[in-house]
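Given chain A's structure and the hints, the job is docking chain B with the ligand onto it.
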Amino acid sequence: MSTCKQPKASHIEYVCNLLNDAQIAAFNSHLRDCSDCRTEVKALEAVVNLTDTAEAEFSSRSWELRDIEMEVYRRLAAENEQKDGASLFSRVRRLSPFRLPMRIKGDLLDSFRSTGFRQLWPRVLTGCAFVAVLLISVCYFDGDQPAKLPVVKIEVLPSNEQLEHYRSQDIHQSLEELLVIKHLRNDEWETAARARMLNDMAQGTRYESIAMSSFR
Amino acid sequence: MDTILEDELLVAQFQAGRRYAFDELMKRYKHKIYAYLLRSVRNCEDAEELTIEVFFKAYRALDGWQPQARFSTWIYKIAHNLSIDHHRAKSRRVTFSLDDDELAIEEPVASDLGSDPAWQLEEKDRNSVIRAAVDQLSPNQKAVFMLNRYEGLQINEITDVLGIAEGTVKVHLHRAMKKLQILLKPYWEGNEI
Ligand SMILES: [Zn+2]
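In order, the protein sequence lines correspond to chains A and B. Note that our numbering numbers the first sequence so that position 144 is 144, with each residue one more than the last. Note that our numbering numbers the second sequence so that position 123 is 339, with each residue one more than the last.
Among the hints, a few may not be true.
[Stated by the list, open to error] Some residues of chain A that are not near chain B, with every Cβ distance over 10 Å (derived):
#	residue
1	Ile24
2	Val131
3	Gln162
4	Leu175
5	Leu178
[Claimed, not checked] Each pair of labels, with its calculated beta carbon distance range:
#	chain 1	residue 1	chain 2	residue 2	range
6	B	Pro283	A	Glu64	30 to 36 Å
7	B	Glu261	A	Arg38	41 to 47 Å
8	B	Arg304	A	Glu57	23 to 29 Å
9	A	Asp200	B	Glu338	41 to 47 Å
10	B	Lys306	A	Glu177	35 to 41 Å
11	A	Asn20	B	Lys306	55 to 61 Å
12	B	Glu261	A	Ala193	35 to 41 Å
13	B	His303	A	Glu79	23 to 29 Å
14	B	Asn372	A	Cys4	45 to 51 Å
15	A	Cys4	B	Leu225	47 to 53 Å
16	A	Cys4	B	Asp262	40 to 46 Å
[Claimed, not checked] To spell it out: a stretch of chain A is covered by chain B in this simulated footprint if at least three of its residues, at any positions, have a beta carbon under 8 Å from a beta carbon of chain B; those stretches are:
#	segment
17	33-46
18	54-60
19	197-205
It is worth saying that the hints were derived from the structure and are not from the lab. Don't be surprised by glycine CBs; every beta carbon is placed ideally from N, CA and C.
Only chain A is shown next, with the shape it has when bound in the complex (with noise of 0.2 Å):
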């Protein structure tokens, strides 16, 4: 039976390199003269030996990763716009202090009842015209008061900018692939088929032109 009084949470500590030096020389120390703790150890170091070669492989896969850096700035661009189109909508969302109250609103209704429509529509034009320069005024001076409609905006310019830049070195790389799959490798078939995704891929760009005329 086992007299070692050495906690059990130091094995694990020292195979997976949490200790200091201190710690590590003191317990290489107590590993001489513990068979027990000897034991333990050449188990656990088995056990992580097992998964790093277990694991090794999964890390070697990571270098099959395609270029993500374009889908980030797509997507990145992507909302961007999606928050441009919306913006009208958000500022006039963000305009709840201004809005009219319940009780008005259920006045307007009551004297809509009572009095009928000719004798309102100066009222309901006021009313719009009212909505109307509110609108005008949150689409011109919403800068205005950034301290209380706080809007975090991401850059469109950078990333629309990022998204071109690697979607031209998308189409550069496609063209040397392209290059020496017509030239060194000969392959016809495929050329043909990597030419007409280059042709998807350049178009409405500058290297519409460049894509078209490389594979005639």
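For chain B with the ligand alone, coordinates are given in the frame of chain A:
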């Protein structure tokens, strides 16, 4: 040069408006984050999708980032949270508990581990059985084990990533190791000494 400092410098550049600094941060961490996520979700496509999501979120949040912790632990934290969300979404099919205070070493000398003698399996099969054993750890045990073993994070850094106390991190690591020791017994017993 110290990469921590470099990371922080890059973040500072980003925050000062030089957005291309983010490219370098992505270049530095995309393989690590992908490998971490791949070990977590065990599926290349999901891991790639999550890696994109990590950097997408990081870009949006980086303006407000304060250099209190290291950039690397911050980015692992985003990755970890996303992988937890991913597992939660999938847990309707595979049920596991996110509260893993039970060590639960239920007859785990897994039927597929025990049925084939270790030495009879091809190395590739053997590795996947070993990974299956790692996947039997609870999410927190697995995360602590992975972050320590494969991302080289110290306990205090794992604390930052997982948002749990140092003592709890140690408990998870201890339980993870003991559980693996039992699960993988058919493999290490023959090889030891
Ligand atoms: Zn001992």
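Against the structure, the hints come out as follows:
1. Every CB of chain B lies more than 10 Å from the CB of Ile24 of chain A, the least distance being 14 Å, so the non-interface label holds.
2. For Val131 of chain A, the shortest C-beta to C-beta distance to chain B comes to about 34 Å, beyond the 10 Å cut-off, and the non-interface label holds.
3. A beta-carbon of chain B comes within 10 Å of the beta-carbon of Gln162 of chain A; the shortest separation is about 7 Å.
4. Against the 10 Å criterion, Leu175 of chain A stays outside the reach of chain B, whose nearest CB is about 21 Å from its own CB.
5. The non-interface label for Leu178 of chain A is consistent with chain B: the shortest C-beta to C-beta separation is roughly 25 Å, beyond 10 Å.
6. Checking the proposed 30 to 36 Å range against Pro283 of chain B and Glu64 of chain A shows it holds: the Cβ atoms sit about 33 Å from each other.
7. Checked against the hint of 41 to 47 Å, the C-beta distance between Glu261 of chain B and Arg38 of chain A comes to roughly 45 Å, which is consistent with it.
8. At about 26 Å, the beta-carbon gap between Arg304 of chain B and Glu57 of chain A stays in the expected band of 23 to 29 Å.
9. A C-beta distance of roughly 42 Å is found between Asp200 of chain A and Glu338 of chain B, which places it inside the suggested range of 41 to 47 Å.
10. In this structure the supplied range 35 to 41 Å holds for Lys306 of chain B paired with Glu177 of chain A, their Cβ-Cβ distance being about 36 Å.
11. A hinted range of 55 to 61 Å for the beta carbons of Asn20 of chain A and Lys306 of chain B is inconsistent with their spacing of about 40 Å.
12. Between Glu261 of chain B and Ala193 of chain A the Cβ separation comes to about 23 Å, which falls outside the hinted range of 35 to 41 Å.
13. For the pair His303 of chain B and Glu79 of chain A, the beta carbons lie near 25 Å from each other, so the given range of 23 to 29 Å is met.
14. Between Asn372 of chain B and Cys4 of chain A the beta carbons are some 29 Å apart, a value that contradicts the proposed interval 45 to 51 Å.
15. Between Cys4 of chain A and Leu225 of chain B, the C-beta spacing of about 49 Å keeps the proposed range 47 to 53 Å intact.
16. Against the hinted window of 40 to 46 Å, the Cβ-Cβ separation of Cys4 of chain A and Asp262 of chain B comes to about 45 Å, which satisfies the hint.
17. With 4 residues having a beta carbon nearer than 8 Å to a beta carbon of chain B, the segment 33-46 of chain A meets the requirement of three or more and the stated coverage holds.
18. Proximity of the segment 54-60 of chain A to chain B, defined as three or more residues with a beta carbon under 8 Å from a beta carbon of that chain, is established by the 5 residues found.
19. For the segment 197-205 of chain A, the assignment as covered by chain B is violated, since 0 residues bring a beta-carbon within under 8 Å of that chain's beta-carbons and 3 are needed.
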